[in-house]
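Visitor: Chain order of the listed sequences is Y and U.
Residue numbers for the first sequence follow our numbering, beginning at 1 and rising by one.
Residue numbers for the second sequence follow our numbering, beginning at 1 and rising by one.
A hint or two may mislead.
If several chains are the same, the list does not tell them apart, and a pair holds so long as it fits within one copy or across any two.
Derived DSBU-like pairs: lysine-lysine, alpha-carbon spacing no greater than 30 Å straight-line [unchecked claim]:
{"#": "1", "residue 1": "K357", "residue 2": "K163"}
{"#": "2", "residue 1": "K190", "residue 2": "K162"}
{"#": "3", "residue 1": "K423", "residue 2": "K157"}
{"#": "4", "residue 1": "K200", "residue 2": "K184"}
{"#": "5", "residue 1": "K163", "residue 2": "K221"}
{"#": "6", "residue 1": "K218", "residue 2": "K9"}
{"#": "7", "residue 1": "K79", "residue 2": "K423"}
{"#": "8", "residue 1": "K79", "residue 2": "K190"}
{"#": "9", "residue 1": "K200", "residue 2": "K353"}
{"#": "10", "residue 1": "K26", "residue 2": "K357"}
{"#": "11", "residue 1": "K353", "residue 2": "K163"}
{"#": "12", "residue 1": "K27", "residue 2": "K175"}
{"#": "13", "residue 1": "K102", "residue 2": "K9"}
{"#": "14", "residue 1": "K353", "residue 2": "K190"}
{"#": "15", "residue 1": "K27", "residue 2": "K200"}
{"#": "16", "residue 1": "K357", "residue 2": "K221"}
{"#": "17", "residue 1": "K423", "residue 2": "K26"}
{"#": "18", "residue 1": "K347", "residue 2": "K221"}
{"#": "19", "residue 1": "K9", "residue 2": "K347"}
{"#": "20", "residue 1": "K184", "residue 2": "K162"}
{"#": "21", "residue 1": "K163", "residue 2": "K200"}
{"#": "22", "residue 1": "K154", "residue 2": "K423"}
{"#": "23", "residue 1": "K27", "residue 2": "K218"}
{"#": "24", "residue 1": "K9", "residue 2": "K27"}
{"#": "25", "residue 1": "K163", "residue 2": "K102"}
{"#": "26", "residue 1": "K102", "residue 2": "K190"}
{"#": "27", "residue 1": "K347", "residue 2": "K102"}
In case anyone wonders, no lab produced these hints; they're calculated from the structure.
Number of protein chains: 2
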Amino acid sequence: MQQVIDRWKGQLEQTRFSLDLAQELKKLPPIELAQFMQELDNSDLVRALSYFDSEEQGLLFSQFTISRQLDFYRSFSAKRFASLFNHMPSEDRTDLFQQLTKEEQQELLPFLEPLVRQDVLNLAAYPAESAGGIMSTDFATLNLHMSVESALMKLRKDADSKKMMYHVYVVDPYKNLVGYLSLKDLILSKPSETLDQIIKSPAPSALVTEDREEVARKIEKYDLVALPIVNAQGQLLGIVTYDEAIDVIREEHTEDMEKFMGIHSEQESLPYLETNVWQHFRARVVWVVSLAAVGIVSGMIIHRYEATLESLIILALYMPMLADTGGNAGSQSATVIVRALALGQIKPLHWMKVIFKEFRISFFIACCLGLLAYGKVLYLSWETEVPEMYSLWQIAGVISFALSLQVITATCIGASLPLMVRKFGGDPAVAASPAITTIVDITGLLIYFGCAVWLLGLQ
Amino acid sequence: MQQVIDRWKGQLEQTRFSLDLAQELKKLPPIELAQFMQELDNSDLVRALSYFDSEEQGLLFSQFTISRQLDFYRSFSAKRFASLFNHMPSEDRTDLFQQLTKEEQQELLPFLEPLVRQDVLNLAAYPAESAGGIMSTDFATLNLHMSVESALMKLRKDADSKKMMYHVYVVDPYKNLVGYLSLKDLILSKPSETLDQIIKSPAPSALVTEDREEVARKIEKYDLVALPIVNAQGQLLGIVTYDEAIDVIREEHTEDMEKFMGIHSEQESLPYLETNVWQHFRARVVWVVSLAAVGIVSGMIIHRYEATLESLIILALYMPMLADTGGNAGSQSATVIVRALALGQIKPLHWMKVIFKEFRISFFIACCLGLLAYGKVLYLSWETEVPEMYSLWQIAGVISFALSLQVITATCIGASLPLMVRKFGGDPAVAASPAITTIVDITGLLIYFGCAVWLLGLQ
Numbered sequence: 001m002q003q004v005i006d007r008w009k010g011q012l013e014q015t016r017f018s019l020d021l022a023q024e025l026k027k028l029p030p031i032e033l034a035q036f037m038q039e040l041d042n043s044d045l046v047r048a049l050s051y052f053d054s055e056e057q058g059l060l061f062s063q064f065t066i067s068r069q070l071d072f073y074r075s076f077s078a079k080r081f082a083s084l085f086n087h088m089p090s091e092d093r094t095d096l097f098q099q100l101t102k103e104e105q106q107e108l109l110p111f112l113e114p115l116v117r118q119d120v121l122n123l124a125a126y127p128a129e130s131a132g133g134i135m136s137t138d139f140a141t142l143n144l145h146m147s148v149e150s151a152l153m154k155l156r157k158d159a160d161s162k163k164m165m166y167h168v169y170v171v172d173p174y175k176n177l178v179g180y181l182s183l184k185d186l187i188l189s190k191p192s193e194t195l196d197q198i199i200k201s202p203a204p205s206a207l208v209t210e211d212r213e214e215v216a217r218k219i220e221k222y223d224l225v226a227l228p229i230v231n232a233q234g235q236l237l238g239i240v241t242y243d244e245a246i247d248v249i250r251e252e253h254t255e256d257m258e259k260f261m262g263i264h265s266e267q268e269s270l271p272y273l274e275t276n277v278w279q280h281f282r283a284r285v286v287w288v289v290s291l292a293a294v295g296i297v298s299g300m301i302i303h304r305y306e307a308t309l310e311s312l313i314i315l316a317l318y319m320p321m322l323a324d325t326g327g328n329a330g331s332q333s334a335t336v337i338v339r340a341l342a343l344g345q346i347k348p349l350h351w352m353k354v355i356f357k358e359f360r361i362s363f364f365i366a367c368c369l370g371l372l373a374y375g376k377v378l379y380l381s382w383e384t385e386v387p388e389m390y391s392l393w394q395i396a397g398v399i400s401f402a403l404s405l406q407v408i409t410a411t412c413i414g415a416s417l418p419l420m421v422r423k424f425g426g427d428p429a430v431a432a433s434p435a436i437t438t439i440v441d442i443t444g445l446l447i448y449f450g451c452a453v454w455l456l457g458l459q
Numbered sequence: 001m002q003q004v005i006d007r008w009k010g011q012l013e014q015t016r017f018s019l020d021l022a023q024e025l026k027k028l029p030p031i032e033l034a035q036f037m038q039e040l041d042n043s044d045l046v047r048a049l050s051y052f053d054s055e056e057q058g059l060l061f062s063q064f065t066i067s068r069q070l071d072f073y074r075s076f077s078a079k080r081f082a083s084l085f086n087h088m089p090s091e092d093r094t095d096l097f098q099q100l101t102k103e104e105q106q107e108l109l110p111f112l113e114p115l116v117r118q119d120v121l122n123l124a125a126y127p128a129e130s131a132g133g134i135m136s137t138d139f140a141t142l143n144l145h146m147s148v149e150s151a152l153m154k155l156r157k158d159a160d161s162k163k164m165m166y167h168v169y170v171v172d173p174y175k176n177l178v179g180y181l182s183l184k185d186l187i188l189s190k191p192s193e194t195l196d197q198i199i200k201s202p203a204p205s206a207l208v209t210e211d212r213e214e215v216a217r218k219i220e221k222y223d224l225v226a227l228p229i230v231n232a233q234g235q236l237l238g239i240v241t242y243d244e245a246i247d248v249i250r251e252e253h254t255e256d257m258e259k260f261m262g263i264h265s266e267q268e269s270l271p272y273l274e275t276n277v278w279q280h281f282r283a284r285v286v287w288v289v290s291l292a293a294v295g296i297v298s299g300m301i302i303h304r305y306e307a308t309l310e311s312l313i314i315l316a317l318y319m320p321m322l323a324d325t326g327g328n329a330g331s332q333s334a335t336v337i338v339r340a341l342a343l344g345q346i347k348p349l350h351w352m353k354v355i356f357k358e359f360r361i362s363f364f365i366a367c368c369l370g371l372l373a374y375g376k377v378l379y380l381s382w383e384t385e386v387p388e389m390y391s392l393w394q395i396a397g398v399i400s401f402a403l404s405l406q407v408i409t410a411t412c413i414g415a416s417l418p419l420m421v422r423k424f425g426g427d428p429a430v431a432a433s434p435a436i437t438t439i440v441d442i443t444g445l446l447i448y449f450g451c452a453v454w455l456l457g458l459q
């Protein structure tokens, strides 16, 4: 494959053209051709495009990065560009259109074919996060009472290299979606059979206003190659294909991870290096500052027990250990629960089972950590002076007991927060790790000082 | 759809049968039927299955949960079950086979059709994480020099409801993969054209030994409905379909999130509620305990500066704030970098750009947090006694200065770790949030005490 592309490169540099090479190029995967082509400068790119017919050009161009597409657009007149634009797949065309300035959009529209113009304006009007915002209008439709033979004839007549034909959709005269069938079903059936005998009905679908993550979930659930998108009346408006679903799932994951770490990106965020320092700062500072502000509660608790700490300084030395361990335990359990919720393995109504399970898991982890903490305190503070009233064994015991309680409560809190957030309709990933760390700090300090006061009789 | 299923339920309860209803049922999405059927008890389920032909039964059964499949299997003789098993899609059949005990496998094999038996044994031999472990053998092949007309005839003859036919694969007489074409390409071409004129070649493919995440990435890159899987000689062994790719991507996300939180799940981990307490414990305790053990370094640093703390107890009160803020900042930047690496937006060679960017972002965040910390210390410790040598203004200044330094270093460390891990060939998500928290604690304490000693002249 690389050889073919290299030969092509050679021809382009020498401004030669070979029909045979053009034939070979058409067999290669479009993404490979596109990745090579988009690195060319604009005049070489125009020559490269000439190896392909209009439809192929549109398909290849749609696989360039948006910035390369914009760059190319801005080097040419709207009129010359319109031809390429007309032949792009509908959802890529719309994405590009939305990146143009208002002036550029106004300039381009008159040169588009009427159907393309209408299609672009319709699609561009939908919110980006909805089904309408990611759907394609490149699909084929048939009538319910056609025979298989007529259906195949219609498909051949309507053919257009953009149209997805893994599935074809059956609609009534009012364009309402009745069902679908696969091309395989068509060719394996007798020519005289009518479509209502082989159709799959009803067809799983989504409303054009539904959230795109819901669309991706349906595609996953039904293992569909494409999900038809309908309006409230049931009319077929577009389709969302499996590759869009994969993109949505990937982006959903980025959002989850970022929410979990308290990063508020704006929608449609650019890649890391293309986002400037100020944008990064804005996305991240709010959360970190809010946590620091909430952390004032921890500060107030410590302040309340200042006297306790002064009377037994050794307690102050182990506060960080308690904060860390509690934070780790809580974040861990929160992660497990957030994922289990995301994969549909548990629901908020399972909360009792979940908390009970986490309680038991944390009990064993707490025992391990408590023992470790006991050993740590003895080892580190062996030579520290302690007030006569107490022995190091006692103090170590109290600290490790408090730590064990902290691990258990932190784990249970870490597991509960995502469940609560989901129950109230929010996204569990928002029960972010930094939030949990801050909350379990507060409970941890209360437990710590509570134990010190209760078990050692301090003030 | 629910109405149809309810009518069906009624018929099953009254052990009646209606051919019309059977016809309607065949049009519904298999997953909906399967979700209803798997809740039935075994005798009702047998009656329900009788509404479908053998191939449909295999397809529906393959959509049950594995535990329901096993349950059904264990209620019947291997001989009766074999018929159902023979008609399951190849990858689901293999997954089920791998869940049987060795005795059950030995018991079942003799009753399988020879081709099925060979297929199952072949597929079951591949490692679960490889392309071979997730591929299907239900695909159609054609010869390069066939005409379109003969190709369609062959497909009709070979037809089998399991075979994926969105794409068909063209092989040479030695079964080497030459290329592929879509069914649409076939029906839109003239019957007399030969396949070598319309074929797409070479076909993107993956080796049977490649990692499944690599397979998913290729499917994503080429927007393929299915990726052919070949052996080292180039012979076509199987295909991995887009829905498998979606599953792999989902599981990859779970693993990333869990690694990031220090949870070591075993491969093929069961859903949350089906995993018992002991298994959860084992996956999670190692990490938490290791961190606690590493935390001894923090403990030793605090111990070294005990005298410092005793002389200025107010310092001890703010150690938790430093630990928290540092941990939050470090985790945040690590998350951003891990995701940017995963999405291919940055590579380890970009480390200088990345660290410089993070440095600048953290500088501004550090200024905000430093000011906040200054205010906090003044507010909380207004009435605390301080040794005469110092004023609260000074101490607050030193603490907030140390915190600002801590935020900057923590952010840079949090960004560096994933880059380093990736540079040495590891998975960046392993530069897990708890590890970062522990490391920045250590550096944070050193900064804290360093500032206290240097700026306040303490010991």
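Visitor: Would you mind marking each hint as holding or not holding in the structure?
Guide: Against the structure, the hints come out as follows:
Taking identical chains as interchangeable, the C-alpha atoms of K357 and K163 are never at most 30 Å apart, the minima being 51 Å within one chain and 43 Å between chains. Taking the shortest Cα distances, K190 and K162 sit within 30 Å of each other both inside one copy (27 Å) and across copies (19 Å). Proximity of K423 to K157 under the C-alpha cut-off of 30 Å is found in neither arrangement, the shortest distances being 52 Å within a copy and 53 Å between copies. Both within a single protomer and between protomers do K200 and K184 lie at most 30 Å apart by alpha-carbon distance, with minima of 13 Å and 19 Å respectively.
Proximity of K163 to K221 under the C-alpha cut-off of 30 Å is found in both arrangements, the shortest distances being 24 Å within a copy and 20 Å between copies. When the C-alpha separation of K218 and K9 is checked against a cutoff of 30 Å, the pair qualifies only between copies, where the shortest distance is 25 Å, while the shortest distance within a copy is 43 Å. Taking CA atoms no more than 30 Å apart as the test, K79 paired with K423 passes in neither setting, with 54 Å inside one copy and 47 Å between copies. In this homomeric assembly, K79 and K190 never come within 30 Å of each other (Cα to Cα): the closest approach is 47 Å inside a single copy and 35 Å across copies.
Taking the shortest Cα distances, K200 and K353 never come within 30 Å of each other, neither inside one copy (40 Å) nor across copies (53 Å). Within a single copy, K26 and K357 get their C-alpha atoms no closer than 58 Å, and across copies no closer than 42 Å, so neither meets the 30 Å cut-off. For the identical chains of this complex, K353 and K163 are neighbours neither inside a copy (49 Å) nor across copies (42 Å), given an alpha-carbon limit of 30 Å. In this assembly of identical chains, K27 and K175 lie within 30 Å of each other by CA distance solely across copies; the values are 20 Å between and 36 Å within a copy.
Proximity of K102 to K9 under the C-alpha cut-off of 30 Å is found in neither arrangement, the shortest distances being 37 Å within a copy and 57 Å between copies. When the C-alpha separation of K353 and K190 is checked against a cutoff of 30 Å, the pair qualifies neither within a copy, at 55 Å, nor between copies, at 62 Å. Taking the shortest Cα distances, K27 and K200 sit within 30 Å of each other only across copies (4 Å), while inside one copy they are farther apart (33 Å). Taking CA atoms no more than 30 Å apart as the test, K357 paired with K221 passes inside one copy only; the shortest distance there is 28 Å, against 41 Å between copies.
In this assembly of identical chains, K423 and K26 lie within 30 Å of each other by CA distance neither inside one copy nor across copies; the values are 52 Å within and 37 Å between. For the identical chains of this complex, K347 and K221 are intra-copy neighbours only, at 17 Å inside a copy versus 34 Å across copies, given an alpha-carbon limit of 30 Å. Only between protomers do K9 and K347 lie at most 30 Å apart by alpha-carbon distance; the minimum there is 27 Å, versus 56 Å within a single protomer. Within a single copy, K184 and K162 get their C-alpha atoms as close as 19 Å, and across copies as close as 11 Å, so both meet the 30 Å cut-off.
Taking the shortest alpha-carbon separations for K163 and K200, both the intra-copy value of 20 Å and the inter-copy value of 17 Å come in at or below 30 Å. In this assembly of identical chains, K154 and K423 lie within 30 Å of each other by CA distance neither inside one copy nor across copies; the values are 50 Å within and 54 Å between. For the homomeric pair K27 and K218, the shortest alpha-carbon distance between copies (18 Å) is at most 30 Å, but the shortest distance inside one copy (33 Å) is not. For a Cα distance limit of 30 Å, the shortest separation of K9 from K27 inside one copy, 17 Å, qualifies, whereas the shortest one across copies, 51 Å, does not.
In the homo-oligomer, the alpha carbons of K163 and K102 lie at most 30 Å apart inside one protomer (29 Å), although the nearest pairing across protomers, at 49 Å, exceeds that limit. In the homo-oligomer, the alpha carbons of K102 and K190 never lie at most 30 Å apart, since the shortest distance is 52 Å inside one protomer and 45 Å across protomers. For the identical chains of this complex, K347 and K102 are neighbours neither inside a copy (45 Å) nor across copies (35 Å), given an alpha-carbon limit of 30 Å.
In terms of the numbered hints stated before, the structure departs from hints 1, 3, 7, 8, 9, 10, 11, 13, 14, 17, 22, 26 and 27, listed from lowest to highest.
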